[in-house]
Amino acid sequence: MQLHALCRGGLPSPRAIAAALTAAFLLTGCGGDDTAAGKGAADFARLDAFPSTYSIEQSRPVLITGATLLTGTGEMLENTDLLLEDGKIARIDDGLKAPRDALVVNGEGKWVTPGIIDVHSHLGNYPAPAIESSQDGNEMTAPNTAEVWTEHSVWTQDPQFSLALAGGVTTLQILPGSANLFGGRSVTLKNVPGRRVQDMKFPGAPYGLKMACGENPKRVYGGKGQAPSTRMGNVAGYRKAWIAASKYKEKWEKYAENGGEPPERDLEMETLAGVLNGDILVHNHCYRGEEMAVMMDIAKEFDFQISTFHHAVEAYKVADLLAENNVCAAMWADWWGFKHEAFDMTEANIAIVDQARACAMIHSDSAVGIQHLNEETAKAMVAGQRAGFDIGPEHAVTWMTLNPAKALGIAGQTGSLEKGKMADVVVWSGNPFSVYTQAEKVFIDGELMYDRDDPARQPRSDFELGIIEAEGERL
Amino acid sequence: MTRFLIQLALAGLFALPVHAETVLIKGGKVYTLSGIGTLAEGDVLVRDGKVQAVAPSINERADRVIDARGKVVTPGVIAPQSELGLTEISAASATNDYAVSGESIGSGFDPRPAYNAKSTLIPYNRAHGVTRAVVFPSISTWGEGAGKLHRVFAGQGFAISLNGDFDSVVAEELGQKAYLGELGSQLAGGSRANAYARIETALSEAREYLNNREAIRRGNWRELNHSLDDLEALQPVVQGQQPLIVTANRASDILQALELAEEYKLRLIIQGAAEGWMVAEQLAAARVPVIIDVVNNLPISFESLGARFDNAARMQKAGVTVAIGGPGYGSTHLVHLARQSAGNAVVYGLPYEEALKAISTNVARIFGLEGGVLQPGGVADIVVWSGDPLEVTSYPEQVLIGGEPQSLVNRSTRLRDRYLKPEQGHEMGYKF
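So the protein lines, in turn, are chains A and B. Take the first sequence: its letters are residues 4 to 478, numbered as in our numbering. Take the second sequence: its letters are residues 13 to 444, numbered as in our numbering.
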């Protein structure tokens, strides 16, 4: 088995990834090292504050027969069977026998991939309909709002979740917006219906911290006559906050060591300190190459790891530096021109980053785009081929599966078709890198959560009931 | 070469008739989207900027022969809605000329003098197969003065060829654009009804002006709500010579627009039509075409609760002429993605050739432009695709505009070639 892209440079082999199910490894995400766990006794991440109540029990085994598998580990296996059991990938082989009571899916002519993972989404915090009272994604009241947790904004009845599911998306990270230097915590969700956001929370997934470079923070606060109003103001803002967070962390470490009066909790500092001790992953909205380079130096100055640059339109300019620093880049296939920092777009962006042996992935930031990430990946793959790189579907699929899993620190659990991983699986009508191909069946933890052929297995949110015709569904 | 010859001719140095380069495209699968139909393998001969012949086999000498075996040949893509040449960077206000905010002219606004043929968006979209585009202004609902909006007319449109020439405007005063629905409501002070009333008042005053021009111009008339410029601009609309584009998404808003068209005998085009499938029969009966965003299937507002992927298929089946624009999220920079949208429409039931027409033929027909078909005498805006033009893995290998082979280089390919192997140092600054 060969691993092509992923977070190369110092990360373990795929076998090791599958095996390394330790919390320490899972929490580091793309580019992390595993020395963080145990450092500092304080629980800055507070994983138990709003604990995940997600649970799916696979009701019966699933056998997909004779399909073309893109494993997400660099392999394309033709005419192969895939068995899902107890919510896990159980076997990949030829001529597997269906267990009793199994749901057998005839995979002839079908392609199978790991579930798509979108590392950048605003479903739930910028839901549809986009009315004024539902714009809960961006706490635009101060340049540092590291204290907000975006899960507290997620409207679980956003009808866009099920549209993304029909596009094959099984896991997604919901991020706060980019108005602030520190936007707050992200949350990683499984794409399942839920009454509470806790019912959707990916069990054990680390939190992320949203940071933003460039135009947005300086425009929003500069426009109010406040700092930051320049890019250098942005950087001063980050560094001040990291200095404060380092002190906060130290205070708690001393308390853990010496006891005495416990320091006062500070929600903002907790999130930043969680980054410093490696429990919380930095997801950094950053378009420009030179700004990414500056951010990577800030990470060195304060000894933390950036997981991923998002909207990294200029990642290709610094692809070698990304590889060197073990930082991922999440990119679009072709979006550009909406602002100056998005002007230097090249469609070969993902491919160039990938070929420089950095960890590259597609992302959407769009409720439309999230439904077509296979098409977007296809465009990026072809742009790479046209640039002269040898990139096939078996490799490009990692851009929408295993690499985003790495970025989110959940690659030990999902993102590839490997024995023991969560059975998050999409059965496609054909080659997923075609505009004509549709996700036909989407399994999450082995359970059929979307079936194109069966309206009864197509979830609809509360919002959609009786919304156009009192007795009908929206679609 | 062609332009060189024309310049010589204009300079009077050349008395002979001008002959452009002839081009023979051989052996491709040719979708003519005309009465000629589709040729599984065919040749297209181009002379003097026009298609001279389309046939299974053409044995004529040509200055340039393009081997299109295994490729697909279609008319160039025509964008039904864009701001090409009027914008460079959306969030850099100085580079934008497509919208005026606050108190200003309405229907009289013609952005044509602001058109910039050297915009970087033009070679980029050309490299993706767009050969012509319709350009319309819009109304900005943000920025200075946005609070006192009161116009529902955005102004007039024009059409361009994407060859990047200074004289690439191919049609002016193409139509007029106005807003109904949620945006109309916002512009008109808070109710759709008022947006409707404003459009109706403008049309009614335009008629009044038509019948009493002399007296009104002399000032011997009641005070009107619109400037003479605005009323002049609306004359071709009320006389049925120019289409009126009305944005509307909710089914009831579309029906309201149809009523207006009936009353004023308008050539109406509906832009948006997210719930068009719910009133497809009425649209078809009124022979009102639509410009839609296929991939926006989100119930993103209460006026588009019925948005769905098969909107295009359902309307086409009912007999509505459908034009597919680029996805709204991509703005004008990515108008070429209309072909990806058209591919998506096929998945949800739009017949394949109808999808090709929706990004070319139908746009030309709706706006009365040349192009959109390959037939003798027609303008030679042609794309040779690496494969199925609606497939995301295909791309243009040759683009002809007015018979001239175009460069497919653009900033995206320039930047790619500079950074194919990014590395430390300063040499990239010397790599062009």
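Possibly wrong hints are sitting among the right ones.
Said to hold, decoys possible - With a straight-line cut-off of 20 angstroms between C-alpha atoms, the simulated SDA-like cross-links for lysine to any residue are:
id : chain 1 : residue 1 : chain 2 : residue 2
1  : B       : K433      : A       : R360
2  : A       : K342      : B       : E416
3  : A       : K342      : B       : T132
4  : A       : K342      : B       : S102
5  : B       : K130      : B       : G120
6  : B       : K433      : A       : K342
7  : A       : K227      : B       : A104
8  : B       : K38       : B       : K443
Quick caveat, the hints were computed from the structure, so don't treat them as lab data. Keep in mind it's a predicted model, so treat the numbers as computed, not measured.
Item to complete: For the pair supplied as a hint, B:K38 and B:K443, confirm whether the alpha-carbon distance does not exceed 20 angstroms.
Response: 36 angstroms, violated
Worksheet entry | Agreement of B:K130 and B:G120 with the hint, judged by alpha carbon distance not exceeding 20 angstroms | 26 angstroms, violated
Practice prompt. With a cut-off of 20 angstroms on the C-alpha distance, tell me whether A:K342 and B:S102 pass.
Written response: 6 angstroms, holds
Discussion item. Does B:A104 sit within 20 angstroms of A:K227, going by the straight-line distance between their CA atoms?
Written reply: 19 angstroms, holds
Discussion item. Holds or violated: B:K433 and A:K342, Cα atoms, limit 20 angstroms.
Written reply: At roughly 26 angstroms apart (the allowed maximum being 20 angstroms), A:K342 and B:K433 break the hint.
Discussion item. Tell me if the straight-line CA distance from A:K342 to B:E416 falls inside 20 angstroms.
Written reply: 33 angstroms, violated
Practice prompt. Decide if the proposed pair is consistent with the structure: A:K342 and B:T132, CA atoms, cutoff 20 angstroms inclusive.
Written response: 14 angstroms, holds
Practice prompt. For the pair we were handed, B:K433 and A:R360, check the Cα-Cα distance against 20 angstroms.
Written response: Given pair B:K433, A:R360 holds - Cα atoms ~11 angstroms apart, limit 20 angstroms.
The structure is inconsistent with the numbered hints 2, 5, 6, 8, although it conforms to all the rest.
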